[in-house]
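The listed protein sequences derive, respectively, from chains P and D.
Using the working numbering, read the first sequence as starting at 1 and increasing by one per residue.
Using the working numbering, read the second sequence as starting at 1001 and increasing by one per residue.
Since the hints were made in silico from the structure, they are not lab data.
Certain hints may be false.
Claimed, not checked - Keeping only pairs whose Cα atoms sit at most 30 Å apart, straight-line, the calculated DSSO-like set for lysine-lysine is:
| hint | chain 1 | residue 1 | chain 2 | residue 2 |
| --- | --- | --- | --- | --- |
| 1 | D | Lys1092 | D | Lys1040 |
| 2 | P | Lys61 | D | Lys1040 |
| 3 | D | Lys1112 | D | Lys1092 |
| 4 | D | Lys1150 | P | Lys40 |
| 5 | P | Lys105 | P | Lys117 |
| 6 | D | Lys1061 | P | Lys40 |
| 7 | D | Lys1040 | P | Lys40 |
| 8 | P | Lys150 | P | Lys61 |
| 9 | D | Lys1061 | P | Lys61 |
| 10 | P | Lys150 | D | Lys1040 |
| 11 | P | Lys92 | P | Lys112 |
| 12 | D | Lys1040 | D | Lys1061 |
| 13 | P | Lys105 | P | Lys92 |
| 14 | P | Lys92 | P | Lys117 |
| 15 | D | Lys1092 | D | Lys1105 |
| 16 | D | Lys1150 | D | Lys1061 |
| 17 | D | Lys1092 | D | Lys1117 |
| 18 | P | Lys61 | P | Lys40 |
Stated by the list, open to error - Simulated DEER-style distance windows between Cβ atoms:
| hint | chain 1 | residue 1 | chain 2 | residue 2 | range |
| --- | --- | --- | --- | --- | --- |
| 19 | D | Ala1074 | P | Asp52 | 22 to 32 Å |
| 20 | D | Arg1081 | P | Glu107 | 48 to 58 Å |
| 21 | D | Gln1083 | P | Ala120 | 28 to 38 Å |
| 22 | D | Arg1056 | P | Val89 | 35 to 45 Å |
| 23 | D | Ala1095 | P | Ile167 | 34 to 44 Å |
From the three backbone atoms N, C-alpha and C, an ideal C-beta is built for every residue, glycine too.
Number of protein chains: 2
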Amino acid sequence: MSAIQIKNTQDVRRRTGTFTRANRPTSEGLITSYTHHNGKIGVLVEVNCETDFVARTDEFKTLARYLAEQIAGAAPIAVERDQVPADVVERKRHAFAEQVRSLGKPEHLTAKIIDGKVDAYFRGVVLMDQEWVRDPELTIRDLVQDVAVKTGEAIRVRRFARFHMGIA
Amino acid sequence: MSAIQIKNTQDVRRRTGTFTRANRPTSEGLITSYTHHNGKIGVLVEVNCETDFVARTDEFKTLARYLAEQIAGAAPIAVERDQVPADVVERKRHAFAEQVRSLGKPEHLTAKIIDGKVDAYFRGVVLMDQEWVRDPELTIRDLVQDVAVKTGEAIRVRRFARFHMGIA
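Assemble the whole structure, with the sequences as input and the hints as a guide.
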């Protein structure tokens, strides 16, 4: 095992470059909650990183708090695009298609406009693609990526729950 | 009825059938969160009542906090029995049946023992049927009912989410 002390296979893989940051195992992290002062909106979010050391830094805690606040304010329905239920996307695409076709544009333009509308829909409801409420110049993906670079660890928003009083 | 001690008029109404509190609309309430100090377990719970006035009482706020704490500690999987997925119950019943049949008891006893085990399973995983962690003499249903009587309003635990770091 040579001069370098290798603690486990994950270390080996990290050293030998089998892991890129984005797919390194993220099993530590924080579960953070947020409730509006009036008690009518509540959020729970799990944010993962690679080590408990990073999970306990102010940088990571602040990120988790920003994410909870974002979810409360911007009401995403999924973390990533592939988690938006396929039938929901299909229904949206269908509705956009009806709208666009009624404009009577050439078919190749129509398809592009529909794709653009679906993309905009995703940017509205997918957490990682949303504009950050505190700085719309950045997406949430930019924000997370920024903290990943600063801490040197892969960071993943694993899941969230958002309750709005009386609304499903 | 004479021998039974009646604690209050609500008791009377319940007995005489004029009591419909459980069916009255509960559209107000509170969303309360709870996270373990280590940030590894988080809970969100929505508790409904009939008026915002009651939602803002200390009694109701305390109930919501107790419920969040209960969910964190006792890890229920559903609010009521009928919300436990049917296939989960079926699998449990099947496993209990195998256990009990291997004992070679008469069939009518076997059925009763299986029912008892399914009932015990529900009391373990259904929030309203769980023993209260702060006072195992009471179930959560007793606790909620007690606050409903004190506040004079129907109270309903509408939903909860519980995240345990790294566990689904």
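Hints and how they fare:
The suggested pairing of Lys1092/D with Lys1040/D holds, with an alpha-carbon distance near 28 Å, which does not exceed 30 Å. At roughly 13 Å between alpha-carbon atoms, Lys61/P and Lys1040/D fall within 30 Å of each other, so this suggested pair holds. Annotation: proposed proximity of Lys1112/D to Lys1092/D holds, straight-line Cα distance about 15 Å (limit 30 Å). For the hint linking Lys1150/D to Lys40/P, the alpha-carbon distance of about 23 Å falls within 30 Å, and the restraint holds.
For the proposed pair Lys105/P and Lys117/P, the alpha carbon gap of about 15 Å is at most 30 Å, so the pair holds. Note on Lys1061/D and Lys40/P: the hinted pairing holds, with a Cα-Cα distance of about 13 Å set against a maximum of 30 Å. Straight-line distance between C-alpha atoms of Lys1040/D and Lys40/P comes to about 24 Å, which keeps the hinted pair within the 30 Å bound. Taking the CA atoms of Lys150/P and Lys61/P, the gap is about 13 Å. The hint holds against a cut of 30 Å.
For the hint pairing Lys1061/D with Lys61/P, the CA-to-CA distance comes to about 27 Å; that is within 30 Å, so the pair holds. For the suggested pair Lys150/P and Lys1040/D, the alpha carbons sit about 23 Å apart, so the restraint of at most 30 Å is met. At roughly 15 Å between alpha-carbon atoms, Lys92/P and Lys112/P fall within 30 Å of each other, so this suggested pair holds. Our distance criterion of 30 Å between C-alpha atoms is met by Lys1040/D and Lys1061/D, whose separation comes to about 24 Å.
Of the pairs offered as hints, the one joining Lys105/P and Lys92/P holds, with about 19 Å between alpha carbons and a cut-off of 30 Å not exceeded. For the hint pairing Lys92/P with Lys117/P, the CA-to-CA distance comes to about 9 Å; that is within 30 Å, so the pair holds. Among the hinted pairs, Lys1092/D with Lys1105/D is consistent with the structure: their alpha-carbon atoms are about 19 Å apart, no more than 30 Å. Straight-line distance between C-alpha atoms of Lys1150/D and Lys1061/D comes to about 13 Å, which keeps the hinted pair within the 30 Å bound.
Annotation: proposed proximity of Lys1092/D to Lys1117/D holds, straight-line Cα distance about 9 Å (limit 30 Å). Only pairs whose Cα atoms come within 30 Å are accepted, and Lys61/P paired with Lys40/P is accepted, the gap being roughly 24 Å. Evaluation of the 22 to 32 Å hint for Ala1074/D and Asp52/P yields a pass: the beta carbon distance comes to about 25 Å. In this structure the hint that Arg1081/D and Glu107/P lie 48 to 58 Å apart at CB holds, the actual value being about 54 Å.
Between Gln1083/D and Ala120/P the beta carbon distance is about 36 Å. The supplied range of 28 to 38 Å therefore holds. For Arg1056/D and Val89/P, the hinted distance range of 35 to 45 Å is satisfied, since their beta carbons lie about 40 Å from each other. For the pair Ala1095/D and Ile167/P, the supplied restraint of 34 to 44 Å holds, since their beta-carbon distance comes to about 38 Å.
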